[in-house]
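*Asks:* So the protein lines, in turn, are chains A and B.
Each residue of the first sequence is one higher than the last, beginning at 1 in the numbering used here.
Each residue of the second sequence is one higher than the last, beginning at 1 in the numbering used here.
The set of hints was computed from the structure by calculation and includes no laboratory data.
Treat the hints with caution; some may be incorrect.
To be verified - Partial list, derived from the structure: chain A residues whose beta carbon lies under 8 angstroms from chain B: (1) D56; (2) R93; (3) G173; (4) L174; (5) E175; (6) N182; (7) T184; (8) M185; (9) A186; (10) M188; (11) L189; (12) G190; (13) V191; (14) K192; (15) R290.
Beta carbons are placed, not taken as given, at the ideal position from N, Cα and C, and that holds for glycine.
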Amino acid sequence: MGSVSQLFFDAASLGGIYALAALGIALIFGVMNLVNFAHGEYITFCVFALIIPSTDATAHLLLGRAPAIVLVPAILMVGGGLAVMSEALIFRRLRNATPVTMMIASFALGFVLRYALLAAYGGRPKAISLWPGLNTPVELLGASVPLLQLIVIGITVAILGVLFGLLKHTRLGLEMRAAAENFTMARMLGVKANRVITGAFAISGALAAAVALILVTQTGVADVRMGGPVMLVAFIATVIGGMGSLPGAVAAGFLLGAASVILQAFLPLEARPFRDAFLYSLVIGCLLLRPQGLFALSGAKPRV
Amino acid sequence: MSKLAIHDLTVRYGKLTALDDVSFTVQEGARVFISGPNGAGKSSLLKAIAGVATTAHGRIEMDGDILSGASPEAIARKGLSMVPEGREVFGQLSIEENLLIGTGIRRDKTAIAEDLQDIYSAFPILAERRHASAGALSGGQQQMLVIGRALMTNPKLMMIDEPSLGLAPKIVDQVYDTLVELQALKGLTLLIVEQSSARAARVGGRMILMRGGRIVGDGDAAVIGNEDSLRDAYFGNANHVKEVS
Numbered sequence: 001m002g003s004v005s006q007l008f009f010d011a012a013s014l015g016g017i018y019a020l021a022a023l024g025i026a027l028i029f030g031v032m033n034l035v036n037f038a039h040g041e042y043i044t045f046c047v048f049a050l051i052i053p054s055t056d057a058t059a060h061l062l063l064g065r066a067p068a069i070v071l072v073p074a075i076l077m078v079g080g081g082l083a084v085m086s087e088a089l090i091f092r093r094l095r096n097a098t099p100v101t102m103m104i105a106s107f108a109l110g111f112v113l114r115y116a117l118l119a120a121y122g123g124r125p126k127a128i129s130l131w132p133g134l135n136t137p138v139e140l141l142g143a144s145v146p147l148l149q150l151i152v153i154g155i156t157v158a159i160l161g162v163l164f165g166l167l168k169h170t171r172l173g174l175e176m177r178a179a180a181e182n183f184t185m186a187r188m189l190g191v192k193a194n195r196v197i198t199g200a201f202a203i204s205g206a207l208a209a210a211v212a213l214i215l216v217t218q219t220g221v222a223d224v225r226m227g228g229p230v231m232l233v234a235f236i237a238t239v240i241g242g243m244g245s246l247p248g249a250v251a252a253g254f255l256l257g258a259a260s261v262i263l264q265a266f267l268p269l270e271a272r273p274f275r276d277a278f279l280y281s282l283v284i285g286c287l288l289l290r291p292q293g294l295f296a297l298s299g300a301k302p303r304v
Numbered sequence: 001m002s003k004l005a006i007h008d009l010t011v012r013y014g015k016l017t018a019l020d021d022v023s024f025t026v027q028e029g030a031r032v033f034i035s036g037p038n039g040a041g042k043s044s045l046l047k048a049i050a051g052v053a054t055t056a057h058g059r060i061e062m063d064g065d066i067l068s069g070a071s072p073e074a075i076a077r078k079g080l081s082m083v084p085e086g087r088e089v090f091g092q093l094s095i096e097e098n099l100l101i102g103t104g105i106r107r108d109k110t111a112i113a114e115d116l117q118d119i120y121s122a123f124p125i126l127a128e129r130r131h132a133s134a135g136a137l138s139g140g141q142q143q144m145l146v147i148g149r150a151l152m153t154n155p156k157l158m159m160i161d162e163p164s165l166g167l168a169p170k171i172v173d174q175v176y177d178t179l180v181e182l183q184a185l186k187g188l189t190l191l192i193v194e195q196s197s198a199r200a201a202r203v204g205g206r207m208i209l210m211r212g213g214r215i216v217g218d219g220d221a222a223v224i225g226n227e228d229s230l231r232d233a234y235f236g237n238a239n240h241v242k243e244v245s
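The shape of chain A in the complex, shown without the other chains:
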């Protein structure tokens, strides 16, 4: 019983991170057919925004020193601002370009951000202690769960609730859903392209910031390479979920988190180092069975 609930909490908290990151990618893909490979670097950037730029081995908190009530909105704004800025400076100019051109531009942006961080902070991972109290274990359903894990699960669910509420019940949400389905038609009905796209980038960047906060609290490390692997898994989640489907991205994010935790627990000891090989074999199997994704939209077609 204890180990089963332990597995559940592990899977839910890891899956939550993947789901939030996947949502950030799916949102932008939905409105402008761009797979934004810089998303991982948005996450990393937000982590480093917490500390003072220096190549010292130890991290000195900058934004991270602020109380949570200031820190959380500030970091969400850093993420949202970074994403909005990259849209205004780069992707807006490529809006009529092919999806491949936009994708390559996003790769390039990712590298620029990563090397900028490398130059400012150095390549060595830094220990960073944000809210250390959150790692105290709590006894729940027979499992010993770090408080943080519960908070991560709770926050993930809350963010998903707020986001879907926003999409369902606000003007911007309605416009984003319409634009995701048929951008040209939405514009012919007076929906402003810039407003919708800027909105999608802002939300996507804020989601990246949320992932950054969760990651850094969980791992206690700031590393310029930490965003990349999350982005990769999240991207796979959006593909399995059906490109552009937001519920699909969330479900597939949780699914990948769960599969990853279950494999880690049940694979024979000598096979565990190769866990990812098993995980991605499952991904390939999934794509072979349903190439359009588990939750594909019928209307998911290129915008231009």
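Got chain A sorted already, so can you dock chain B onto it with the hints?
*Replies:* Frame of chain A, contents of chain B only:
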């Protein structure tokens, strides 16, 4: 002043010229059918006016404002609404959401609510299923929905690309009855692409006949629709060929 004025409008897709120096004006409150064979440039004309096809050169004016070069959303804000070919409903959105998506450009909240009620009383089936997703509607119901959706932007000029496409003749009758009724009610100017000249002649109005990206006939739909010009538009001008040879 005319409602819509098109001057020397040219649209190209790569090397293909879809519209070739087209000029005409439309009077306020008029009903104008654009007819002609496939590839005549009818849809390109509507797309260029709506701002979704790039114009190579030429000028489009509505109420004296220059539309050419403006974004589709800016053009919609000036009071032009488009019902494109194939209807393009937002299938994932509910029927009511489809109707409301175009009201973002309006500030008159009470009028929006009234207009919504008007549409629901004109198309009761839409009211009945207002929370169902629009993708589940039949072709005829979707046509009603997109006409309603365009009307909800409170347009002065409405363009409809092939409202009869893929619909049973009886449904097409209904669609046109509704359009004529709404036009009288709202004082709309209508620009309708209609393949069937017989249909246009029956509904009545002006007809512009196109072929190969040019205007080859312009006049009363009842006259033009039954004249030689129609045959010329579809099969080429036999007299013209004789003159050349």
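*Asks:* Each of the hints needs a verdict: does it hold here or not?
*Replies:* Status of each hint after checking the structure:
1. The restraint placing D56(A) at the interface with chain B is violated, with a minimum CB-CB distance near 50 angstroms, outside the 8 angstroms limit.
2. Checking R93(A) against chain B by beta carbon gives a least distance of about 15 angstroms; that is not within 8 angstroms, so the hint is violated.
3. Taking 8 angstroms as the C-beta cut-off, the interface hint given for G173(A) is violated, the closest approach to chain B being about 10 angstroms.
4. With 8 angstroms as the threshold, the beta carbon of L174(A) comes within range of chain B, its nearest partner Cβ sitting at about 6 angstroms, so the hint holds.
5. Annotation: E175(A) was flagged as interfacial toward chain B, and the flag holds, the nearest CB pair being 7 angstroms apart, inside 8 angstroms.
6. Checking N182(A) against chain B: minimum C-beta separation of about 6 angstroms stays under 8 angstroms; hint holds.
7. Interface hint status for T184(A): upheld, as the beta-carbon distance to the closest one in chain B is roughly 6 angstroms, under 8 angstroms.
8. Among the interface hints, the one on M185(A) holds; its C-beta lies about 4 angstroms from the nearest C-beta in chain B, closer than the 8 angstroms criterion.
9. A distance limit of 8 angstroms between C-beta atoms decides the matter here; for A186(A) the minimum to chain B is near 7 angstroms, and the interface restraint holds.
10. Taking 8 angstroms as the C-beta cut-off, the interface hint given for M188(A) holds, the closest approach to chain B being about 5 angstroms.
11. Contact between L189(A) and chain B, as hinted, is supported at the beta carbon level, the nearest pair being about 4 angstroms apart and thus within 8 angstroms.
12. Annotation: interface hint on G190(A) holds; nearest CB of chain B at approximately 4 angstroms, less than 8 angstroms.
13. Hint status for V191(A) relative to chain B: holds, with the closest Cβ pair at about 6 angstroms, below 8 angstroms.
14. Nearest Cβ of chain B to the Cβ of K192(A): about 5 angstroms, under the 8 angstroms cut. The hint holds.
15. Interface hint at R290(A): violated, since its Cβ lies 19 angstroms from the closest Cβ of chain B, which is beyond the 8 angstroms cut-off.
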